[in-house]
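With the hints as constraints, model all of the structure from the sequences given.
Heads up: the sequence shown begins at 1 in the UniProt record's numbering, then just goes up one per residue.
These are calculated hints, taken from the structure and not from any lab test.
Mixed in with the good hints there might be a few duds.
Stated by the list, open to error - Ranges of calculated distance between the beta carbons of each label pair, as one might list FRET restraints:
| hint | residue 1 | residue 2 | range |
| --- | --- | --- | --- |
| 1 | Asp80 | Val53 | 21 to 27 Å |
| 2 | Ser42 | Ile79 | 40 to 46 Å |
| 3 | Leu8 | Arg47 | 54 to 60 Å |
| 4 | Ile14 | Ala46 | 44 to 50 Å |
| 5 | Arg47 | Pro68 | 41 to 47 Å |
| 6 | Ile79 | Thr56 | 16 to 22 Å |
| 7 | Trp71 | Ser42 | 47 to 53 Å |
| 8 | Leu7 | Leu39 | 30 to 36 Å |
The beta carbon of each residue, even a glycine, is placed where N, CA and C say it ideally should be.
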Amino acid sequence: MQSIRSLLLTAAGIAFTLMALVFTASLGLALAGIATVLLIGSAISARLSPKPVRATANRAPRQPQREPRIWNDGRGTIIDL
1 MQSIRSLLLT AAGIAFTLMA LVFTASLGLA LAGIATVLLI GSAISARLSP KPVRATANRA
61 PRQPQREPRI WNDGRGTIID L
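So this is what it looks like as structure tokens:
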């Protein structure tokens with residue numbers, strides 16, 4: 001009777017271990033799938049977003065600097081550079 005009980009407990013332990021292994025593997029695959037979908041989505045959205053345009057001053061390099069115009073229109077001082 002003792003050997004049958006130990007055989008059944010061993011079989012139950014192996015079955016429980018296998019079920020835990022399958023559960024952990026499926027959970028890992030699900031998380032890897034979700035991470036893959038998010039990475040692909042972020043790569044596609046980064047590719048589709050417009051590229052930033054740098055703002056530059058429109059000055060010709062050989063033109064002399066002009067004096068800034070400053071005047072007051074009654075609502076505040078305007079400085080035109």
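These are the hints, each one checked on the structure:
1. Asp80 <-> Val53: 21 to 27 Å: holds, 24 Å
2. Ser42 <-> Ile79: 40 to 46 Å: holds, 44 Å
3. Leu8 <-> Arg47: 54 to 60 Å: holds, 58 Å
4. Ile14 <-> Ala46: 44 to 50 Å: Given range 44 to 50 Å: holds, Cβ gap about 48 Å.
5. Arg47 <-> Pro68: 41 to 47 Å: holds, 43 Å
6. Ile79 <-> Thr56: 16 to 22 Å: holds, 20 Å
7. Trp71 <-> Ser42: 47 to 53 Å: holds, 51 Å
8. Leu7 <-> Leu39: 30 to 36 Å: violated, 48 Å
Against the hints set out earlier in the document, a violation occurs for number 8 only.
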